[in-house]
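Protein chains: 4
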Amino acid sequence: MKVGIIGATGYGGIELYRILSNHPNVTRCNLYTSSDEGKPYVSVYPHLHDLCSDQLHPLEPERVKEENEVIFLATPSGVSANLTPKLIDDRVKIIDLSGDLRLKEAGQYEKWYKKTPAAEHVLNDAVYGLSEINRSKIKEAQIIANPGCYPTATLLGLAPIVQNQLVKPKTIIVDAKSGVSGAGRKPSIGTSFVELQDNLKIYKVHEHQHIPEIEQQLHEWDKEVQEITFSTHLIPMTRGIMATIYVELLEDWENKRLLDLYKQFYKDKPFVRVRDEGVFPSTKDVYGSNYCDIGLKFDPRTNRLTIVSVIDNLMKGAAGQAVQNFNIMFGIEETTALRFIPVYP
Amino acid sequence: MKVGIIGATGYGGIELYRILSNHPNVTRCNLYTSSDEGKPYVSVYPHLHDLCSDQLHPLEPERVKEENEVIFLATPSGVSANLTPKLIDDRVKIIDLSGDLRLKEAGQYEKWYKKTPAAEHVLNDAVYGLSEINRSKIKEAQIIANPGCYPTATLLGLAPIVQNQLVKPKTIIVDAKSGVSGAGRKPSIGTSFVELQDNLKIYKVHEHQHIPEIEQQLHEWDKEVQEITFSTHLIPMTRGIMATIYVELLEDWENKRLLDLYKQFYKDKPFVRVRDEGVFPSTKDVYGSNYCDIGLKFDPRTNRLTIVSVIDNLMKGAAGQAVQNFNIMFGIEETTALRFIPVYP
Amino acid sequence: MKVGIIGATGYGGIELYRILSNHPNVTRCNLYTSSDEGKPYVSVYPHLHDLCSDQLHPLEPERVKEENEVIFLATPSGVSANLTPKLIDDRVKIIDLSGDLRLKEAGQYEKWYKKTPAAEHVLNDAVYGLSEINRSKIKEAQIIANPGCYPTATLLGLAPIVQNQLVKPKTIIVDAKSGVSGAGRKPSIGTSFVELQDNLKIYKVHEHQHIPEIEQQLHEWDKEVQEITFSTHLIPMTRGIMATIYVELLEDWENKRLLDLYKQFYKDKPFVRVRDEGVFPSTKDVYGSNYCDIGLKFDPRTNRLTIVSVIDNLMKGAAGQAVQNFNIMFGIEETTALRFIPVYP
Amino acid sequence: MKVGIIGATGYGGIELYRILSNHPNVTRCNLYTSSDEGKPYVSVYPHLHDLCSDQLHPLEPERVKEENEVIFLATPSGVSANLTPKLIDDRVKIIDLSGDLRLKEAGQYEKWYKKTPAAEHVLNDAVYGLSEINRSKIKEAQIIANPGCYPTATLLGLAPIVQNQLVKPKTIIVDAKSGVSGAGRKPSIGTSFVELQDNLKIYKVHEHQHIPEIEQQLHEWDKEVQEITFSTHLIPMTRGIMATIYVELLEDWENKRLLDLYKQFYKDKPFVRVRDEGVFPSTKDVYGSNYCDIGLKFDPRTNRLTIVSVIDNLMKGAAGQAVQNFNIMFGIEETTALRFIPVYP
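Chains as they are written, first to last, in UniProt numbering: chain A, 1 to 345; chain B, 1 to 345; chain C, 1 to 345; chain D, 1 to 345.
So here's chain A without its partners, still in its complex pose (with noise of 0.2 Å):
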C-alpha cells in the first residue's frame, strides 16, 4: 500500500514515518509539507541520513490522490477543513489528526477554535477514530477524525465508568498534564527551553479547545453527562501525557470492583494496560509506544476516585493511534508496526 502524510515536517508526521516506513503493509511513504517543498526529508530530520532519501513534495491535492491509498493530514487546526474536501475520493482513504473534523456541530469549532469550519458533510462522515471503542464504525469509515491527545488519555480514563453510567455528572475534573512536543514544532518563546526548563505551566485555563471533543464524547456514552472542568498544564519534558481524573460516582464501590470492571472492559483491548491495586502508572512508562495505562484508586474519605491515565502524545496521542486506526480500516491485524516496548529509560 502507498501511503500519504501531509505536514511531514511537524512532530506527528516524523512519528507516523517511524512507524510507517517500518510497517510490513506499506510499500510507500509519500511526504507532503508546505514549508519545505522540494528538499530532501533528511534535511529537517538528520537522524534519518542513510535510512531515507525521499524528497518533501508540495502539497497538490490532485497529485496526493493519485499517488496513495490512504492519506495521513498531520497538520495544525485550520488545515484539514479546507484540504480534506479536495481529497475526498472513492479510491482513498482519509486519516486526519488535527482537531479539524472532530466536534459534530459546526458552531463549537467556531467557538473553541475561532477558525472556520469544514464543511457539514465533511463533519458527517467523518468517524471519530478512539480505537479502542469505536472499532466497528472505524473499520467502515472513509474518513477518520483521529482523537487528540488529551480526549484519548482523558476518554480512555473515563470510558468504564461513564458507558456504564456510574458517574455523577458535574463532577469530573481532569487535571492534565502534557509534555512540550504537544505543542508542536513551530518555534516561540513559549516553547523556547530557556523558559520551560525547571517550569511548570499552567495554559489556556478553562479555554483548551480539547474540551468540547471531551464532553462530547462523553455526552455520547451517558447523556447525563454535560460540562467537565478541564486544566493543561505544560511539564518540562519532551513526551507523554497524564490525566489526573477526579470523579464521584453515584453509589459506593470498592477499589477491588473498580479494577476488575475496568480489566473487564480492557480485555481485548492490547494497548490499555489497567494497572494493579496500588500501582499507578509513570508517563516513561509508555515512552515511544502506542500504550494508555491506567491506575485507579477510590477515597473513601472524600467519596472521590482518582484515576489516572498517561500516553506518549505522539503515540497513542496522535500517530501510533492514527497507524491503529489505519490498521482497523484495511482489516490489517490491529498492532501491526505497534508492536514496541517502550523505551526506559
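These are calculated hints, taken from the structure and not from any lab test. A portion of the hints provided could be inaccurate.
As the list claims (entries may be wrong) - Mimicking DSS-like on lysine-lysine, the simulated pairs with C-alpha atoms at most 25 Å apart in a straight line are:
(1) K168/C - K170/D
(2) K186/A - K263/D
(3) K256/A - K204/B
(4) K204/A - K39/D
(5) K204/C - K263/D
(6) K170/B - K168/A
(7) K104/C - K256/C
What the hints assert, rightly or not - Partial list, derived from the structure: chain A residues whose beta carbon lies under 8 Å from chain B:
(8) V205
(9) T229
(10) M237
(11) G240
(12) D299
(13) R301
As the list claims (entries may be wrong) - According to the in silico footprint, chain B covers these stretches of chain C (three or more CB under 8 Å from chain B):
(14) 185–193
(15) 196–207
(16) 234–242
C-beta: ideal position from N, C-alpha, C; glycine also.
Starting from the known structure of chain A, fit chains B, C and D onto it as the hints suggest.
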C-alpha cells in the same frame, strides 16, 4: 544574634544557610548534623568554597542550646518530635521545618506519618507558622511549626475564600505538583536522575502526610470544611510547587470581584502576589525567592473556580518562610534578607 | 534460541530485554539477578506490564549454563571476572558487557579498575567485540568482551585514520560527554536528579577506566599511538554519548578527502553513518538506536582535525552492540532486531 | 546614580535588572528596547509582578544620554557598533555587553561576525573589561567592551600560565560547553525545548566568533601564543559554561606547584575561586552568582594539563561582570550587589 541550623547537610539546611549568612541581624550561623560530624561544610557543598570555613558539629542538645538564640530544625520527620523537648529553654526559640509539630492531634500524626508523635505539651506550645495569616501568634511564640511546602501553597491559595466562608464544603480538590528537591537529599532509585528525567509521576495517592495539615487549618478557618481531595505529582524540575485548586463557591462570583477580594486580603502581605485577570503564575516566576504567586479564574460553564498557587518549595515552602517567621518573632522587619528578585531565567 | 540475561535489573539488562524479546531468532529470554531473586520482572520495570510475565531467577551458574545457548552478562565491573569461568562450556557462548574481559594485560585491569582481574586464559579467549572492525574474529568467538560505551564512540571515530596510520602520535585528545544512564541504576547522591539537573560535571579526570581500553585498541591499529588524553563529563540527559576528538595528522588533508576516506571505510557497516561536509551529529539523532554517527572538520588555521562521534550509550554503547555481536556469532543477519529508526523527538 | 539598560527584554537585560535594582548606588534603572516600546516591563517578565512598575522606553539615543550616567548595552551583535557613537558623551560611561567593541582589528570583526565593524576611534577607546586582569584600565575607561561568556571562562582559566609564558604555543585546545540561555531569547527551532531536551549538540565548529577574542587576549599576554582550537557545545541546561582546557607546558610542573601559582595569581580577586587538589567545579557551583571556579590537574602520562573553568554565563559571563566593571569604573567596592551565594540546589 547567633542561630543554629540542625540538619545543615539537607536541602532545607543549605537554603537556610544561603539566607541567614546574608542576614544583617545574624552574627553567627552554627551548623549541626548527625551524618557528617566534623567535616567542613564546604566538603558537603562545594559551591561554598571560599565563602564558608565552618565545620559541621555533632548534634548535642545541651551544646546547641548554649550556642544559639534561635534554632532551626531542618530534619526529616520523626527527628524533632524527639529532639525538641531537649532543646526547649527560656533563652532559645525553635523553628521546626519538619512535619512533627504541625498536627495538633497526636493520633493524626501517628495515622499519617506512621511514627511516634511529639509530647502533647510540645504540640500545644507550637504555633503554626503560616506567616501571612498567623503573624500575631508567631510574634509571641517560642516554638514554630513551620508549614509544609504543599500546605503553604494550598492554604495561601484558599485562605481568602475559606476564611470568608465562601466555599461549598466537600468540593475542594487540590492537584499539587512539586519539583524533586522536595523529596530531600537522601539518594533513592525513585529520585535518581534517570528515573525522573522526561517522566511524570503521581505518588502517595490519597495518602500524603500533608493532607491532615491542610485540613486542620481549613477547618479552623471554616468549620464546614472537612475532608479534601489532594494528590501530589513529581515534576522533572529542581524547585517549585504548583497547587491547582478546584472549588465550588456557595454563590456566584465574578472573576473581577474574586480578584479584588484576593488583592484586598493580601494587601499588606509583601510575599503574596495576586496576578491580574487572565494571568496565571508559573513556578519559575518565584524561583529562588520567597514569593507565593496566585492566579484564579471562575468558570461560568461549570460554576467552578480554578485557583493556581505557586511557590519555591525550598523558600516560601521551607527555609524562606522559616526566616520570615524568625523576623516576625524577633521584631525584625519581615522582609529582611528575603528581598530577592526571583532568578529568571 | 534460548538466551540468558545476567544482571537483568540494571539499565543494560532492560535494554537487552527490549531488543531480544523482539528478536526473531530468540525463543526464550531467561532473566537472572543477584538482587531481586524471585520477583516478577515487571515489579522492577512496570513499563513491562502485560508484556512480560517472567520472574527473576537467582544467579546459579550451573542452571544458567543449562538453560541457555548464549549468556549476556550485564553486570557491574568485578562480577564477570569471577563468574565467567563458571559459565564457560562448549554449549554456550558468552557476551560480557562489563569491562572485566576487555584489557588483555591483567595488570592494567588492576591498575585502572582497582579490582582482581579475570584469569589469563579467560582474557586470552575473550574477543574484543567492536562489531564493525572485528567481525571475523567475533564470528569464531566463544567469549565476547563487549566494548565500553566511551571506547565504542571514540574508536569508531578514530578507526579510519588510525588504522591508516595518518595520525601524529601523542596528539589525540578526547573530550567525552555522557548521559546519566551510563552511571547505572544504583542510587547515589552524585546521580540524583536534583544534583544533576541544570548542572554539568567533569569526573574521573585522567583516571577513567576506559582509557586503557581505548589505548590498547589504538595501539593495536598503529604501534606509534600510545597515551591519549581523555576526559569525561556528565550531561543532564538520560541517554547519549558524544566524543569530541581533537587530533593532528601527519600530513595536510582536505575535508572532502577525509570524509571520502571515512565513507569508504564504513561503506558496508550499516550502523555507522558518516555525515556530509559541514554537518555534525547530535546525540538525539541516535536516541534509542544502534547507530554511531560521525562528523568531522579539518581546521586549516590550527592544522587540527575535530571529529565528533555520537552513540546511544545503552544501545551501540552496550546492549545494541551486544546483540549485533550475537547476530554475527550465530550467522544471523547483522542488523536483525536492531533496525530501529531513532526515536525523535 | 541613574543607569540605563538598552535591550532590557533579553536575558542579559533582565539579569542586569536583577542585580542593579538591588545595587545601593543605583537610584534609578531606565529600561530601553527596540521591540516592546511602551509596554510595562512586567508584561515581558511576569516574575517582576509587584516588584517593578517601569515601562520599556524606545531607544532614542539623545534621551538615553540625558537620562543616565552609565549605559549598559545588552543588545545582539551588530547593534552597538552603530549605536555607541551616538551615545558617546562626556557625562556618560558605556558598558557594552555585545561582541561589537571587543576586537581591536575591524577586519577580524568583519571576518568572524560577518557584519560592519564599529568605527576605529570607538574600538580604540573601548577597554576590554576582563575585570580581574584589567582593573586599572577599566578604572579610567569611558567605554567598556564587556568580555564574552566563553572568553571569560577560558581566559580566567588560562591567565596564570599564559601571562607567565609557561605554555607551549599551538597546544591550547578548549572544549567549551554552554547552557542554552547563552543563545538569547529570540525563538528558533534550534533552541526550542523539544529539540534540546535530552540532546547534546556541537555547533559553529571552528567558526565561533569568540575565537578571535580569546586569541587576541592570549596573544597580548604571550606573543608566542596564536591560534587555538576552540569548540562549543549546547548543553540541555539553562545557565552555566564549562571550558575544559587542554594544554602542554614548556616544562614539567607538579600539580601542587601549579595550584599554588593559580591561588597566588587570584589571591585578591574575590570572584575567582581556585579549587583544591583533586577537586573540580561543576557549573551549578556558581549558579546565579558572579564566581568563576577553576580546577586543574597535570597528567604525567601525557604531559598535558587539564584545566576546568566554570561560570554562570548570564552573571560572570555577562551581567555580573558588567556590574563588576561598573563598580570598578565608579570607585565603588568591587563586590557591591554581587555577593550572592550561588543558588544550590
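Each hint tested on the structure:
1. K168/C - K170/D: Within the cut-off at roughly 14 Å; holds.
2. K186/A - K263/D: violated, 49 Å
3. K256/A - K204/B: Within the cut-off at roughly 18 Å; holds.
4. K204/A - K39/D: holds, 23 Å
5. K204/C - K263/D: Answer holds: K204/C to K263/D is near 23 Å, not above 25 Å.
6. K170/B - K168/A: Satisfied, since the Cα-Cα distance of roughly 14 Å is no more than 25 Å.
7. K104/C - K256/C: violated, 37 Å
8. V205: This interface hint holds because 5 Å falls under the 8 Å limit.
9. T229: With a closest approach of 5 Å, the T229/A hint holds.
10. M237: holds, 4 Å
11. G240: holds, 6 Å
12. D299: holds, 4 Å
13. R301: The hint holds - R301/A has a Cβ within 8 Å of chain B, the shortest such distance being about 5 Å.
14. 185–193: Check passed, 7 qualifying residues.
15. 196–207: It holds: at least three residues are needed, and the segment 196–207 of chain C offers 3 whose Cβ sits within less than 8 Å of chain B.
16. 234–242: Per the Cβ count (3), the hint holds.
Consistency with the previously given hints fails for numbers 2 and 7, ordered from lowest to highest.
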